[in-house]
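Novice: Let chain A serve as the given structure and place chain B with the ligands on it in line with the hints.
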Amino acid sequence: MTQTSIRDMLYESPGPKAKKRIRFFTGLALILLAALLALVIRQFAVTGQFAEKYWSFFARFTTWRFLGEGLLTTLEAALTGSAIAFILGFLLMRGKLRRNRILRAVSTALIEFTRGVPTLLFIYFFFLVVPKTGWKPSAFWKITLPCAISACGVVAEALRSGVNAVPRGQTEAALSLGLTETRLFYKVVFPQAFRFVIPSLIAELVIVLKDTTFAYIVTCADLMQNAKVLISNYDAMLSVYLVVAVIYILINYLLNKISDRLALKLRRTAAEGSKA
Amino acid sequence: MSQSETPVIELKNVNKHFGDLHVLQDVSLSVKKGEVVVIIGPSGSGKSTLCRTINRLETIDSGEILIEGEPVPQEGRKLAELRSRIGMVFQSFNLFAHMSILDNLTLAPVDVLKIPRKEAREEAMKLLERVGVADQAKKVPAQLSGGQQQRAAIARALAMHPKAMLFDEPTSALDPEMIGEVLSVMTELASEGMTMLIVTHEMNFARQVADRVIFMDGGKIIEENTPDAFFEHPASERAQNFLKTIRDH
Ligand SMILES: Nc1ncnc2c1ncn2[C@@H]1O[C@H](COP(=O)(O)OP(=O)(O)O)[C@@H](O)[C@H]1O
Ligand SMILES: [Mg+2]
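Sequences listed follow chains A and B, in order. Position 2 (the first sequence) corresponds to 2 in the numbering used here; numbering is contiguous. If you want the numbering used here, it's the 1-based position in the second sequence plus 276.
Just chain A, same shape as in the assembly (with noise of 0.2 angstroms):
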């Protein structure tokens, strides 16, 4: 079976002529963004920003143990958000579709709010309020805590759609055969769901990763935080703020290639089926 991507479903395949001028708008952006880069770079040698004192301290162990350390507890912080993110999402999710009302209504109530609030209120709310309430979480959850939070309806949101694209027969034939709503759910209704919604819950990761990086502000000591020790120790940002924007981007692109890895293998295992 042949995978179409959206890209072909919106696009028909380009003819010869539509084919060279793809190609030469493709030369014409290459060479533009050379030249932006070259400009860049030269500016940089301009201000200095090649000075040996700026970059020799990335020739040493320490250094990178220290941004290892970080990356370490920023993926930690991630995941653990992400997990809790999902727990939340998920009885959100059943509770926006339960026939009670009050239910319904608290459970629809709470994923607008996690939504429409920003994330760097909630870290706030965890930084400055909490602590006065006599709970004293560590660095690392007042930083985890509000990122999952600040997710969890957006999750809700994404599961709630992925159910609701389960078509409506799926549901009658379980019914028909006397499973309970319940264990259709599970069973028949959520693992399809779970299948359409995964790139959303992967975008969702994401973005979570990229909250994590106001762990600063809690100090908790993060990629971000132990980044802005090594720029104050070496008064060096530029550099110091390359490395770690490509370590994000790295990360991120590995966890979009994840994504689409296992959609398409989803995909694929639901069109042929496990050939045992």
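Where hints are given, some of them may not hold.
[As the list claims (entries may be wrong)] Capping the alpha-carbon separation at 25 angstroms, the derived lysine-lysine pairs in PhoX-like fashion look like this:
(1) A:228 x A:210
(2) A:187 x B:414
(3) B:415 x A:265
(4) B:402 x B:415
(5) B:394 x A:187
(6) A:187 x B:390
(7) A:265 x B:414
(8) B:354 x B:288
(9) B:402 x A:187
(10) A:187 x B:354
(11) B:390 x B:402
(12) B:415 x A:187
(13) B:415 x B:439
[Said to hold, decoys possible] Ranges between beta-carbon positions, derived for each pair:
(14) B:337 x A:120: 51 to 61 angstroms
(15) A:87 x B:418: 28 to 38 angstroms
(16) B:437 x A:167: 18 to 28 angstroms
(17) A:87 x B:452: 46 to 56 angstroms
(18) A:255 x B:484: 54 to 64 angstroms
[Claimed, not checked] Computed far set for chain B versus chain A, every beta-carbon distance over 10 angstroms:
(19) 357
(20) 368
(21) 397
(22) 405
(23) 411
(24) 433
(25) 459
(26) 469
(27) 487
(28) 512
(29) 516
(30) 520
Rather than coming from a laboratory, the hints here were simulated on the basis of the structure. Being a predicted model, the structure only gives us computed values, none of them experimental. C-beta: ideal position from N, C-alpha, C; glycine also.
Specialist: Just chain B with the ligands now, with coordinates in the frame of chain A:
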């Protein structure tokens, strides 16, 4: 009435509305054990709705529906248990899209009837053998032809050892060359004594297997007769017109 005469399916003065639309108007019918009843009638006459009220996929406004003499429970485990005793085959097959054909057949027996998985698998394979799709057991529904899917769906319903089977236009979504294979599975079921209520427009099939034909129009049962009598000499003008339109096809 003695025990043996209790109908498997019985509707008494059933009424149902969709908003202002009176889809089922005082419908009464009964299907005895081993009987095959065919419902025929123009599109929109309420045939599907009638089928779906029997296992309460649609609720009713008034009247009574009895399965083996007992009223259909309104909700919960009791309702699920009743549904498990009545097989249903849909126009659009509705096989579970994310599961292999084999898993489609074992899900409910394991989950509802608590049959051990191994036993359920063995029986499922026998059923798939019977409907002629055993070689497709490991595939997912999308890989099968429509006719194969519908036969698998019939096997899935049979895996629950139903007391009766409801078919809602089981061949209407099929390409013409696949209709025969599904009808022959149904014919075989009928000859084995399965109690069946079938909505279909396949007249030859109806004449062959039906004990009775019920003609519906506008939410009402217009007439009810043996297949030969109904198809040769329909009593009502509506039935005559309807038969003419499908014969002219
Ligand atoms: N869920 C529904 N809501 C509103 N109207 C419906 C619904 N289902 C069916 N109907 C209407 O009820 C009538 C009978 O439908 P149906 O039982 O599907 O007829 P048939 O199966 O004989 O074609 C039709 O007019 C149809 O539009
Ligand atoms: Mg219908």
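Novice: Look at each hint and say if it fits the structure.
Specialist: Results for each hint:
1. A:228 x A:210: Within the cut-off at roughly 16 angstroms; holds.
2. A:187 x B:414: holds, 18 angstroms
3. B:415 x A:265: Since the Cα atoms of residue 415 (chain B) and residue 265 (chain A) sit roughly 15 angstroms apart, the hinted pair holds (cutoff 25 angstroms).
4. B:402 x B:415: holds, 16 angstroms
5. B:394 x A:187: holds, 19 angstroms
6. A:187 x B:390: The hint holds at about 15 angstroms.
7. A:265 x B:414: Holds: residue 265 (chain A) and residue 414 (chain B) sit about 17 angstroms apart, inside 25 angstroms.
8. B:354 x B:288: At roughly 21 angstroms apart (the allowed maximum being 25 angstroms), residue 288 (chain B) and residue 354 (chain B) satisfy the hint.
9. B:402 x A:187: holds, 24 angstroms
10. A:187 x B:354: Holds, at roughly 20 angstroms.
11. B:390 x B:402: Distance of about 19 angstroms is within 25 angstroms: holds.
12. B:415 x A:187: Holds, because 18 angstroms separates the two Cα atoms, which is no more than 25 angstroms.
13. B:415 x B:439: It is violated: about 29 angstroms lies between the C-alpha atoms, which goes past 25 angstroms.
14. B:337 x A:120: 51 to 61 angstroms: holds, 55 angstroms
15. A:87 x B:418: 28 to 38 angstroms: holds, 31 angstroms
16. B:437 x A:167: 18 to 28 angstroms: Given a distance of about 27 angstroms, which is inside 18 to 28 angstroms, the answer is holds.
17. A:87 x B:452: 46 to 56 angstroms: holds, 51 angstroms
18. A:255 x B:484: 54 to 64 angstroms: holds, 60 angstroms
19. 357: violated, 6 angstroms
20. 368: violated, 6 angstroms
21. 397: At roughly 12 angstroms from the nearest Cβ of chain A, residue 397 (chain B) sits farther out than 10 angstroms, so the non-interface label holds.
22. 405: Non-interface label stands for residue 405 (chain B): nearest chain A Cβ at 18 angstroms, farther than 10 angstroms.
23. 411: holds, 13 angstroms
24. 433: violated, 7 angstroms
25. 459: Non-interface label stands for residue 459 (chain B): nearest chain A Cβ at 21 angstroms, farther than 10 angstroms.
26. 469: Fine: 22 angstroms to the nearest Cβ keeps residue 469 (chain B) off the interface.
27. 487: For residue 487 (chain B), whose nearest Cβ neighbour in chain A is about 24 angstroms away, the distance exceeds 10 angstroms, so it holds.
28. 512: holds, 32 angstroms
29. 516: About 35 angstroms separates residue 516 (chain B) from the closest Cβ of chain A, which puts it past 10 angstroms; holds.
30. 520: holds, 33 angstroms
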